[in-house]
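These protein sequences, in sequence, are chains A and B. If you're matching positions, the first sequence starts at 1 in this note's numbering and goes up one per residue. If you're matching positions, the second sequence starts at 1 in this note's numbering and goes up one per residue.
It is possible that some hints are incorrect.
[To be verified] Partner residues are not named here, just some residues of chain B that face chain A (Cβ under 10 Å, in silico): (1) Met1; (2) Arg124; (3) Val126.
Calculated directly from the structure, the hints in this document are not laboratory data. Beta carbons: idealized from backbone N, C-alpha and C, even for Gly.
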Amino acid sequence: MATLHTVNKAGQPLELCLRALNPGDSVLLLEEGVYALYEASDVLSDLLRHIAVYVLEADVLARGMTNRDDLDIDMVDYQGFVELTVANDKVVSWF
Amino acid sequence: MKYALAVYGASGTGQSSLTALSFARALLAAGHEIIRVFFYQDGVHNASSLVSPPQDEVNLPEQWQKLITEQGIDAVVCIAAALRRGVVNTEEAERYELPASNFREGYELSGLGQLLEATVEADRLVTFGD
Chain A
1 MATLHTVNKA GQPLELCLRA LNPGDSVLLL EEGVYALYEA SDVLSDLLRH IAVYVLEADV
61 LARGMTNRDD LDIDMVDYQG FVELTVANDK VVSWF
Chain B
1 MKYALAVYGA SGTGQSSLTA LSFARALLAA GHEIIRVFFY QDGVHNASSL VSPPQDEVNL
61 PEQWQKLITE QGIDAVVCIA AALRRGVVNT EEAERYELPA SNFREGYELS GLGQLLEATV
121 EADRLVTFGD
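Generate coordinates for the entire structure from the input sequences, incorporating the hints supplied.
Structure (structure tokens):
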């Protein structure tokens with residue numbers, strides 16, 4: 001049972017999400033959660049060793065940010081968000 | 001696939017209402033079915049007909065209503081969350097002897113059981129938290 005975890009803030013929601021992850025799960029950073037690209041990059045680079053991490057493009061661009069070239073994080077649009085919810089068996093939202 | 005969406009955020013606070021609306025549009029564009037949108041907690045403000053943002057900003061309740069009526073989506077607003085926030089239809093306004101009502105057409109006031117039912121019936125539940 002693969003789960004997609006959406007995280008909309010870089011602080012506590014991300015921390016709580018990290019405790020609930022299982023191998024094969026994916027994480028999608030959205031809204032204020034995209035700040036984790038820079039605020040929590042150590043955590044993310046650690047996470048990326050066994051979990052796929054994505055960021056929502058519209059929220060990255062809305063904050064004048066860019067995706068990190070040094071981390072293997074895919075930027076997805078809303079269509080990609082939909083595809084992630086199809087590819088996983090369930091969706092858990094951390095907010 | 002069948003989707004149920006839960007919207008917890010108000011139109012005037014945070015971003016979750018807009019995120020949910022954008023996701024809903026992308027779902028329909030990809031050929032999926034939305035069996036219910038459930039507006040809970042502060043999300044009930046998305047059913048208010050009195051929300052009037054500045055002209056250069058998107059009117060989220062209006063956009064939600066447009067999507068809901070055009071696509072025939074089942075939209076349920078939590079009645080307990082709505083009453084405590086002053087989002088009421090004419091029936092509830094009469095029942096509680098309130099001076100006005102502000103409920104948009106196309107939505108239904110009902111209980112939390114509707115969220116549970118949608119969760120069971122849908123292939124996916126996606127929650128948009130505040």
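Verification of the supplied hints:
no. : hint   : in the structure
1   : Met1   : holds, 6 Å
2   : Arg124 : holds, 5 Å
3   : Val126 : holds, 5 Å
In this structure, none of the earlier numbered hints is contradicted; all agree with it.
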